[in-house]
Each structure stands twice: as structure tokens, then as C-alpha cells.
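Residue numbers (full-length UniProt numbering): 1 to 508.
Careful, some of the hints might be misleading.
Unchecked claim - Now the in silico label distances, taken between C-beta atoms and shown as ranges:
id	residue 1	residue 2	range
1	Leu482	Val349	24 to 32 Å
2	Ala99	Pro375	19 to 27 Å
3	Leu365	Thr396	28 to 36 Å
4	Arg305	Leu258	50 to 58 Å
5	Val180	Leu130	37 to 45 Å
6	Asp134	Val204	14 to 22 Å
What the hints assert, rightly or not - Distance condition first, Cα-Cα at most 20 Å in a straight line; then the derived SDA-like pairs of lysine to any residue:
id	residue 1	residue 2
7	Lys502	Ser222
8	Lys151	Ser222
9	Lys151	Ala99
10	Lys151	Trp196
11	Lys502	Arg310
12	Lys172	Thr286
13	Lys151	Thr125
14	Lys151	Thr121
15	Lys502	Pro375
16	Lys151	Ala455
17	Lys151	Ala140
18	Lys151	Val161
19	Lys151	Ala184
20	Lys172	Ala273
21	Lys151	Val180
22	Lys172	Val116
23	Lys502	His372
24	Lys172	Ser222
25	Lys502	Gln197
26	Lys502	Ala184
27	Lys172	Ala440
28	Lys502	Gly354
29	Lys151	His454
30	Lys502	Ala318
31	Lys502	Thr382
32	Lys151	Leu458
In short, the hints are calculated from the structure, not lab data.
C-beta: ideal position from N, C-alpha, C; glycine also.
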Amino acid sequence: MTPGLRVVSTQRRWRRQARGGKPTRACARLCRSRRVRRRATRYSSVELSSPTFAFSLTLRRPPCRPLRSGARCATSRLCAYVRTYRLICVQTPETGSMAAALAHPVFRRLFTAQVVALVGTGLLTVALGLLAYDLAGSNAGAVLGTALAIKMIAYVAVAPVIAAVTDRLPRKTVLVTADVLRAAVALALPFVAQVWQIYVLIFVLQAASATFTPAFQSVIPSVLEDEDDYTAGLSLSRLAYDLEAVLSPMLAAALLLLIDYNSLFIGTVIGFAASTLLVSTTPVPTLPPTDRTQPLRSRITAGARVMAHRPVLRALLAMNLVVGAATALVVVNTVVYVRDLLGGTDTGVAVALGCYGAGSMVVALTLPRVLHGVPDRTVMLTGCALLPLGLVVVTTVLLVDPAPTLGWAILATTWVLLGAGTSLVNTPSARLLRYQSTPANRPAVFTAQFSLSHACFLLTYPLAGWIGARVGQPVAAALLALLATLAAATATWLWPRHLSAKPDPVTA
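Using the sequences and the hints given, assemble the complete structure.
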């Protein structure tokens with residue numbers, strides 16, 4: 001659909017209300033009216049595509065005087081008089097584009113809150129590593145490994161419990177409370193003097209993140225109700241994560257030239273505080289209340305039971321394991337491959353991770369248009385095929401041990417492939433959760449996906465790290481490739497070709 005003019009008010013009796021600054025919704029039924037189509041063509045050549053009007057000729061009547069309704073987004077207003085109808089239109093970007101998603105004021109503010117919180121998280125990651133080295137010295141790796149395990153435990157075990165306990169609270173209250181708690185923990189980290197204090201604060205911080213992320217994700221489908229806009233919003237969210245992984249370490253390195261690492265925690269506090277301010281001043285949609293007659297244990301497992309009941313979501317669980325195998329190899333062993341096997345430097349590690357992020361970002365940018373004509377199943381299973389293939393290539397390279405130049409070329413290409421495959425699975429996954437859930441059980445389903453997807457890392461991280469260090473890197477890569485292949489085959493079997501990602505109707 002081409003950029004056009006969106007109807008924000010339709011009938012004459014709404015004029016006074018619109019002039020008073022109270023916006024009204026577009027009337028889709030009016031847009032489809034044959035009489036309106038016939039009458040409207042007397043004034044101009046009009047393409048009527050509900051709810052967008054694209055005027056190709058100047059109207060004979062002069063433009064109406066500016067109204068306060070839609071004043072923020074309107075760049076021009078034209079009036080078309082059709083008997084008793086007055087169509088007040090504002091320009092809108094192309095539906096399904098990232099600009100269209102960002103044109104939505106609520107999503108724009110929530111997305112900005114997500115971005116600034118991600119920047120704060122990136123600074124926290126760098127500062128935490130330096131703090132661990134300051135306290136534990138050569139044992140900093142063990143400290144960070146334990147902190148990573150605590151993070152996964154919080155994501156897997158705490159998220160469903162908190163979601164069940166807070167299911168009656170407004171989503172804005174949950175989001176703001178989680179941000180305030182994260183800011184408080186970041187503010188306390190510079191004063192840590194013992195390693196165990198790091199563990200306690202990290203658990204609280206990750207528990208708050210495990211509360212914020214699924215609650216945030218479950219709100220977006222109610223904000224971006226148009227399917228194409230929602231897909232564009234998912235791509236923007238994926239881009240934010242990828243850019244944070246690339247740019248936050250660079251920003252932290254630049255700041256460390258001017259300040260000490262403890263001051264990075266202040267940047268984290270500022271990021272979480274800005275996120276709190278944005279969310280608290282945004283009209284977050286209210287989701288339907290859940291059934292409190294069920295016991296707490298049943299509410300905790302409600303999302304997992306929905307996912308286990310639906311074949312498409314069961315396939316998504318298998319896809320999570322495919323992504324977990326590839327991600328673990330990249331996160332845990334990139335530094336080992338670059339430094340020990342290819343003789344590279346820290347810059348080489350950053351370049352390799354940048355290749356992985358570049359592959360993911362390219363897919364995230366192109367996926368909204370691809371999903372217009374390609375089914376979700378085809379896109380996601382393509383990603384599930386690419387990831388085991390990339391792991392097999394890594395295993396072969398480790399066994400053959402090519403020359404450094406050839407090894408670098410293969411590594412960079414493979415990391416781009418793995419990043420693209422990861423994005424092909426992760427970006428559309430929220431669409432499946434939206435299709436296969438109802439507004440009432442959506443928070444529980446998003447929380448279950450958040451927890452169960454991170455549970456895969458409890459298996460794949462030890463495979464990539466411990467097996468690689470004690471048995472050998474080729475063995476670890478081969479085991480991860482085998483695991484990803486079996487999971488991809490399972491996902492293909494669980495999601496038959498005839499089964500649509502979008503059931504009609506959706507039941508609880």
C-alpha cells in the first residue's frame with residue numbers, strides 16, 4: 001500500500017468533537033461504502049483502501065482550517081464533502097514499514113524505552129566484567145560464568161512465577177516497577193566489596209529483567225494491531241538487540257577513555273531511569289484480567305500448557321533448541337576460535353561477532369517484506385536448516401585446520417550465516433505467539449516462551465564450554481550440530497505443511 005491519507009474523523013456530527021481536540025477512529029465501514037466511493041470521485045481521483053485515502057488530484061474545495069485532532073502527526077489536511085460526510089485525513093507512511101510502526105506514538109515511546117534500557121544493559125555487561133576482575137583477579141571468568149548461570153536460572157525459574165503473581169496488575173505498573181528495581185541494583189553495584197554480593201545483585205537484576213521483557217513483548221501485539229506493522233515492530237526490536245550487542249561495547253570502550261569503570265554503572269542507571277520515565281508517561285494498553293479461580297501452580301504453568309497443546313508452538317520449542325545450539329557456539333567459543341585456532345587478536349573477536357550481528361540485521365531489515373508473500377513456516381524452517389549447516393561447517397573447519405587466511409574467510413562467512421539463521425527463527429517467533437494466543441493468556445504464553453527458550457541454554461552452554469575445554473572443540477561443535485539437526489527435524493515433523501501459523505478462530 002502506498003503512502004496516503006488516514007481518516008481520523010468521518011461524519012459532520014463529529015466536527016465539534018474533532019475541533020475540541022478529541023481524536024476519533026477511522027471508520028472502516030464508511031471507507032467500504034459504495035455510495036461514498038461514487039460520491040468521492042466527483043471531487044477528485046481517489047484510491048479508497050480502508051482505512052487509507054490516497055488523493056492523486058487536488059480537491060476542488062479549499063483545504064479545511066487546521067483542527068487540533070491529529071495535530072502531532074498531520075503534515076497536510078484535505079477535506080472531501082460527500083453529502084453529510086466530511087473526511088478529515090492525515091498523511092500516513094506505508095503500512096507494514098518500519099516507519100509505519102514508529103509512526104504509532106505508543107509503540108514509538110515503548111521502543112525508545114527498550115533501546116535506552118538495552119544501552120544501559122550493554123554498559124552494565126562491560127562494567128560487571130571489570131568489577132569481577134577487580135574483585136577476583138584471575139578467577140574473574142569463574143565469577144562471570146556463575147553470574148551467567150544465575151541469569152539463566154532467574155529467566156527459567158523466576159519469570160513464570162512473577163508473571164503468575166502479577167497477572168492482575170496493569171502492565172504499566174509491572175514494567176515501571178521492573179525498571180525501578182533494575183536501576184536500584186545498578187546503583188548499588190559500584191559499592192560491592194565481596195563476590196557473593198555480585199551474585200545476589202545479579203539475581204535480583206535478572207529477575208527484574210525476566211519480569212520486564214515478557215511483559216513488554218506481550219503488550220506490543222495490543223499496540224500494533226495491524227499484522228504488517230507488528231512484523232515491522234518485531235524487526236525493529238531484533239535490530240535493537242543486534243545493534244546493542246555491537247555498539248554498546250564500543251560505547252563503553254570510548255567512555256572508559258574518560259572515566260573509570262564504576263562510572264559505567266551510572267550510565268546504566270540513567271538508561272533504566274529513562275526507560276522508566278518513558279513507560280510511565282505512555283498509555284500502555286490494558287490486557288483482559290486472568291482467571292484467578294485457578295490455583296497459583298496452574299497459573300504458573302498456564303503458558304507452558306498452551307504451548308504444549310498447540311502443534312505450531314510445540315514446533316517453536318524445538319526451534320528454540322536449534323537457535324540455542326548455534327548461539328551457544330558463537331557466544332562461548334568465538335574468542336577461542338579467533339585467538340587460539342586462527343591466531344587473531346581482540347579486534348578479530350569483535351570483527352567475528354560483528355559478522356554474526358550483520359547477518360542477523362540484514363535478515364531483520366528484509367523480513368517484513370519477505371513475510372508478505374512467504375509463510376512463516378517456510379521462513380522459520382529455512383533458518384532451522386541454515387543453523388545446523390553452519391555448525392557442520394564449523395566442525396569441518398576445526399577438523400581440517402586450514403590456513404589462517406582461508407580459516408578467517410570461512411569463519412566470517414559462517415558467522416554471517418549463523419546470524420541470518422538465528423534471525424530467521426527468532427524474529428517471526430513472536431508472530432506465532434500472537435496468532436496462537438488470546439489477549440487473556442498472551443502474557444503467560446510470552447513468559448513461557450521467554451523461560452523455555454532460555455532453558456535451552458542451560459543445555460547448550462555447558463556443551464559448548466565444558467565439552468570444548470575438556471574433550472576438544474571439534475567434539476563440542478559436532479555435538480551441537482547433531483543436537484541442532486535433531487531439533488530441526490523435530491520442528492519440521494511437529495509443524496506439518498498444511499497447518500497454518502494463524503488459526504481461525506483462536507481458542508484459549
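Tell me if the straight-line CA distance from Lys151 to His454 falls inside 20 Å.
Cα-Cα ~10 Å, so holds.
Are the Cα atoms of Lys151 and Ala99 separated by 20 Å or less?
Not OK: Lys151 and Ala99 at ~34 Å, beyond 20 Å, violated.
Given the hinted pair Lys172 and Val116, is their alpha-carbon gap at most 20 Å?
Cα-Cα ~17 Å, so holds.
Are the Cα atoms of Lys502 and Ala184 separated by 20 Å or less?
Violated - the C-alpha atoms of Ala184 and Lys502 are around 41 Å apart, more than 20 Å.
Is the straight-line distance between the alpha-carbon of Lys151 and that of Ser222 20 Å or less?
Given pair Lys151, Ser222 is violated - Cα atoms ~29 Å apart, limit 20 Å.
A range of 19 to 27 Å was offered for this pair. Does it hold for the Cβ distance of Ala99 and Pro375?
holds (25 Å)
Under the criterion that the straight-line Cα-Cα distance not exceed 20 Å, is the pair Lys151, Thr121 satisfied?
Answer holds: Lys151 to Thr121 is near 13 Å, not above 20 Å.
Outcome for the supplied range 14 to 22 Å, where the beta carbon pair is Asp134 and Val204
With a Cβ separation near 21 Å, Asp134 and Val204 satisfy 14 to 22 Å, so the hint holds.
Is the straight-line distance between the alpha-carbon of Lys502 and that of His372 20 Å or less?
Between Lys502 and His372 the Cα gap is close to 14 Å, so the pair holds against 20 Å.
Is the straight-line distance between the alpha-carbon of Lys151 and that of Val180 20 Å or less?
Cα-Cα ~18 Å, so holds.
Given the proposed pairing of Lys151 with Ala455, does the C-alpha separation stay at or below 20 Å?
Between Lys151 and Ala455 the Cα gap is close to 11 Å, so the pair holds against 20 Å.
Between Lys151 and Ala140, is the straight-line Cα distance small enough, at 20 Å or below?
holds (16 Å)
Comparing the model with each earlier hint shows violations of hints 5, 8, 9, 25, 26, 28; every other hint is respected.
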